[in-house]
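Visitor: Start counting the sequence shown at 1; every next residue gets the next number (UniProt numbering).
One thing to keep in mind: the hints can contain errors.
Claimed, not checked - Below are the BS3-like pairs computed for lysine-lysine, each with C-alpha atoms no more than 30 Å apart in a straight line:
# : residue 1 : residue 2
1 : K168      : K58
2 : K21       : K92
3 : K347      : K3
4 : K92       : K57
Since the hints were made in silico from the structure, they are not lab data.
This one's a predicted model, so the numbers in the text were calculated from it and none came from an experiment.
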Amino acid sequence: MPKIYFHVDVNSAFLSWSALKSLQDGGTVDLRTIPAVVGGDEAKRHGVVLAKSAPAKKFGIQTGESLFAARAKCPGLTIVPPDFDFYVKNSKALIAILNDYTPDVEQYSIDEAFLDMTGTEALFGPPLTAAHTIRRRVRRELGFTVNVGIAPNRLLAKMASDFEKPDKVHTLYRYEVEKKMWPLPVGDLFGVGPSAAKRLNGCGVYTIGDFAKLDRETAVGLFGTRGDTLWNYANGRESDPVTKQGSRDNSYGNSVTMPRDLPRPEDADATMLALCDSVGRRLRADGKTARVVTVQLVDNAFRRTSHQTTLPNPTNSTDRLYHVATELMRQMWPARPVRLVGVSAEKTSEDNFEQMDLFTDAARIDKQEKLDRAADALRKKFGGAAVTRAKLLTPETRKPEALSAAKERDKK
Numbered sequence: 001m002p003k004i005y006f007h008v009d010v011n012s013a014f015l016s017w018s019a020l021k022s023l024q025d026g027g028t029v030d031l032r033t034i035p036a037v038v039g040g041d042e043a044k045r046h047g048v049v050l051a052k053s054a055p056a057k058k059f060g061i062q063t064g065e066s067l068f069a070a071r072a073k074c075p076g077l078t079i080v081p082p083d084f085d086f087y088v089k090n091s092k093a094l095i096a097i098l099n100d101y102t103p104d105v106e107q108y109s110i111d112e113a114f115l116d117m118t119g120t121e122a123l124f125g126p127p128l129t130a131a132h133t134i135r136r137r138v139r140r141e142l143g144f145t146v147n148v149g150i151a152p153n154r155l156l157a158k159m160a161s162d163f164e165k166p167d168k169v170h171t172l173y174r175y176e177v178e179k180k181m182w183p184l185p186v187g188d189l190f191g192v193g194p195s196a197a198k199r200l201n202g203c204g205v206y207t208i209g210d211f212a213k214l215d216r217e218t219a220v221g222l223f224g225t226r227g228d229t230l231w232n233y234a235n236g237r238e239s240d241p242v243t244k245q246g247s248r249d250n251s252y253g254n255s256v257t258m259p260r261d262l263p264r265p266e267d268a269d270a271t272m273l274a275l276c277d278s279v280g281r282r283l284r285a286d287g288k289t290a291r292v293v294t295v296q297l298v299d300n301a302f303r304r305t306s307h308q309t310t311l312p313n314p315t316n317s318t319d320r321l322y323h324v325a326t327e328l329m330r331q332m333w334p335a336r337p338v339r340l341v342g343v344s345a346e347k348t349s350e351d352n353f354e355q356m357d358l359f360t361d362a363a364r365i366d367k368q369e370k371l372d373r374a375a376d377a378l379r380k381k382f383g384g385a386a387v388t389r390a391k392l393l394t395p396e397t398r399k400p401e402a403l404s405a406a407k408e409r410d411k412k
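With these hints in hand, go ahead and build the complete structure from the sequences.
Guide: Structural data, given as structure tokens:
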């Protein structure tokens with residue numbers, strides 16, 4: 001049976017939900033009908049635009065730019081603060097509706113979800129009929145609009161939902177890829193961030209179709225193993241199934257919400273090293289290696305991006321996990337500042353041996369394994385702070401009293 005996936009995406013989610021909140025609180029003007037944005041504290045001058053209305057977009061206001069710049073473009077702009085409790089409430093209400101149509105719902109972020117609708121035609125009619133039913137029900141019961149993309153895989157469903165907005169349903173079947181997707185700018189392809197788009201433009205690749213027509217080897221040469229994934233995306237291929245929330249097996253992961261938003265990937269390097277160190281340590285403690293590394297980022301608009309790569313040989317080395325994770329992180333870094341960084345190691349197996357090819361530096365790998373295991377042994381005996389990587393040290397943590405305090409905390 002051919003697979004059918006929906007991608008349901010709330011139109012201007014934060015702005016729409018703030019508009020609903022304003023009307024429920026007695027407001028007389030719908031923020032969606034005037035130049036309005038959701039943002040932080042304008043007085044502090046460092047707040048950014050989290051979401052914008054369609055009228056605000058006409059003034060050239062961009063998501064992620066400063067409120068100061070947005071105000072300069074539109075002096076009469078209405079700025080409202082975010083209300084994340086209200087956003088979560090509406091997000092849960094949306095997912096509750098979607099669960100009425102299939103048990104296979106994967107919430108991808110606070111305002112979007114994938115649905116595996118395969119085999120539901122007898123219950124809800126053809127895909128277009130079911131999609132319009134969902135779209136109309138959300139608008140009627142919850143008061144905001146969504147776009148629904150229909151496709152044979154998640155990638156194409158997500159691409160389809162980004163076509164004309166708002167309150168629309170679009171299809172992107174394989175036979176439609178060349179006509180509907182290939183003419184789009186290469187930066188519109190899922191997984192291609194601003195830096196990757198700039199690099200592709202420099203190579204004469206301006207559209208998704210241009211990228212799709214590249215040799216696979218050229219794509220890999222540009223972006224490493226991630227290039228193969230992006231090349232497949234450009235050709236409309238993606239095989240990951242919709243995953244119910246919390247159903248990942250054999251996964252070792254860590255994530256952290258940052259104390260401040262990070263504008264650049266290098267700002268997260270030390271955090272990523274600490275996360276990879278923790279993941280690697282747990283893998284080694286359980287006698288496991290992992291073949292798949294996944295990096296997750298959440299920006300300050302609470303949009304989640306998750307990319308993964310498959311390693312040629314499984315590993316539990318902190319050094320290798322960190323190298324792969326930072327490469328992924330740089331390729332996927334979003335336009336908006338990042339508030340959460342996460343990494344996980346998946347597809348685990350018993351740590352019996354590592355297959356090596358002619359180009360593997362066996363001596364270096366052996367040395368790294370010995371260093372990892374020596375550090376693990378010291379931490380086990382003397383506490384988690386007994387060994388700290390130099391890159392993770394700050395002027396404060398280099399002080400002897402700070403390290404002593406950390407050791408005491410580990411003993412408790």
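Visitor: State for each hint whether it applies.
Guide: Now for the hints, and whether the structure bears them out:
no.	hint	result
1	K168 / K58	20 Å, holds
2	K21 / K92	16 Å, holds
3	K347 / K3	24 Å, holds
4	K92 / K57	28 Å, holds
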